[in-house]
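Protein chains: 2
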Amino acid sequence: MQRYFAKGKDEDSFLLNDDDLYHIKTVMRMNEHDKIQVVYQDTVYLCCLENVKNHLKIYPEKELKTATESLPKVTLLIPLLKEQKMDFILQKATELGVDQIILIETERSIIKQKAEKNEKKLERWRRICKEASEQSYRINIPTILPVHRPNELSNLEGLKLICSTTEKQKNIRFLLNNHKSCDRINVVIGPEGGFSEKEEQLWNQMGFESVSLGNRIMRVETVPLYILSILNFYYME
Amino acid sequence: MQRYFAKGKDEDSFLLNDDDLYHIKTVMRMNEHDKIQVVYQDTVYLCCLENVKNHLKIYPEKELKTATESLPKVTLLIPLLKEQKMDFILQKATELGVDQIILIETERSIIKQKAEKNEKKLERWRRICKEASEQSYRINIPTILPVHRPNELSNLEGLKLICSTTEKQKNIRFLLNNHKSCDRINVVIGPEGGFSEKEEQLWNQMGFESVSLGNRIMRVETVPLYILSILNFYYME
Chain A
1 MQRYFAKGKD EDSFLLNDDD LYHIKTVMRM NEHDKIQVVY QDTVYLCCLE NVKNHLKIYP
61 EKELKTATES LPKVTLLIPL LKEQKMDFIL QKATELGVDQ IILIETERSI IKQKAEKNEK
121 KLERWRRICK EASEQSYRIN IPTILPVHRP NELSNLEGLK LICSTTEKQK NIRFLLNNHK
181 SCDRINVVIG PEGGFSEKEE QLWNQMGFES VSLGNRIMRV ETVPLYILSI LNFYYME
Chain B
1 MQRYFAKGKD EDSFLLNDDD LYHIKTVMRM NEHDKIQVVY QDTVYLCCLE NVKNHLKIYP
61 EKELKTATES LPKVTLLIPL LKEQKMDFIL QKATELGVDQ IILIETERSI IKQKAEKNEK
121 KLERWRRICK EASEQSYRIN IPTILPVHRP NELSNLEGLK LICSTTEKQK NIRFLLNNHK
181 SCDRINVVIG PEGGFSEKEE QLWNQMGFES VSLGNRIMRV ETVPLYILSI LNFYYME
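Chains as they are written, first to last, in my numbering: chain A, 1 to 237; chain B, 1 to 237.
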């Protein structure tokens, strides 16, 4: 059954955005009394469609039980990457349960974003996360924050790590074994070519522990998936 | 430094295929005495280029030390998927260290491959795996076997599991904890829509244990990455 996130409620009927209305009427060609799932304020409702041909009404019929999120909440801190890689990471990270994505400035980022393009890109990325959340039956949509400098991020709470290409001793397995339970994990991922030594030290000074991810040489867009898969597995009940 | 797999050796010079020669001469525009890495018979050599403009010679200068593969060898058994998803899985699974990919027939596969197209597709897929192996500095290239029926695969050795959407009790964490060390793991992954009950039972009868991957709802192409990430992590030293 299709799932959509509601943007509000008008008396008894949920309000969806125009893309979703188009999807229901034109792509899925739904009919009178067809059912959909709607997420509203972290709750999932089984809903019935009425008046599909004109001014669609979406009435909740019952609240559906949903698994609560038991994992620690994961924030990924990633550099700006080329459009295709960015889209890929957003879609897959959403599937794998990321809670928040913060874009970061790094010395070796190839892509520099102009301020005026910022809002337009963010809007596009948020749409990708919303659609991936619907497809993977999440009850919330990951948040995306625009580009930050490292020193603007000193107040993040929880476990903090930075994926290092130079750290050889401490790997992610060792680190997680020292944090068998935690509420929030923040993971910094570098650009192609990695962080400069100075940059990594700056993150370290802000409390981010350098960890190795093992011996594999991965493309930059593979790293977030690798990390999220590991965290899903490690904190699986 | 660029890495290439040699297809053979002619006296002292390694032989590369035409794509690689084109890459060296035209894409990378390498010059006389430039260095590359060449993998030949599971060994990596630092090589020097000579006679680049005419009949290129690639002479080994020394053997490079390489990390040996300590993980269990992983065989993925996957249904035929649409081209883009297939390419994606092959590239990422290679990065994440897969040893062998066996295509399998499943009831709900959307894609049916005609025998005459088999060889052409396989050739294309093998090229993707070779290129991903070079990029991720592997010393071997995953092997790909054409479409098999489940009953043709009864002689696979090692730990055998099938990713189930109906198994609720036993998850992959539980299963791995009962197999802290093993030489080879075979993982069967279903198509969109999963396996039929009868199909899953057939795999079970052949010794494949059903496991849940947790609560996430993933696209089919995400599953192989998720599994390989977990195995890399679990057997990390």
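There's no promise every hint is true.
[Stated by the list, open to error] The calculated label-pair distances, taken between Cβ atoms and stated as ranges, are:
{"no.": "1", "chain 1": "B", "residue 1": "D183", "chain 2": "A", "residue 2": "I217", "range": "20 to 28 Å"}
{"no.": "2", "chain 1": "B", "residue 1": "M206", "chain 2": "A", "residue 2": "E167", "range": "22 to 30 Å"}
{"no.": "3", "chain 1": "B", "residue 1": "Q2", "chain 2": "A", "residue 2": "K168", "range": "19 to 27 Å"}
Don't read these hints as lab results, they were simulated from the structure.
A quick note: this is a predicted structure, and the numbers were derived from the prediction, not measured.
Think of the CB as a built atom: it goes at the ideal place given N, C-alpha and C, for glycine as much as any other residue.
Hints versus structure:
Between B/D183 and A/I217, the C-beta spacing of about 23 Å keeps the proposed range 20 to 28 Å intact. Look at B/M206 against A/E167: about 43 Å separates their beta carbons, and that is not inside 22 to 30 Å. A hinted range of 19 to 27 Å for the beta carbons of B/Q2 and A/K168 is consistent with their spacing of about 24 Å.
The structure shown violates just one earlier hint, number 2.
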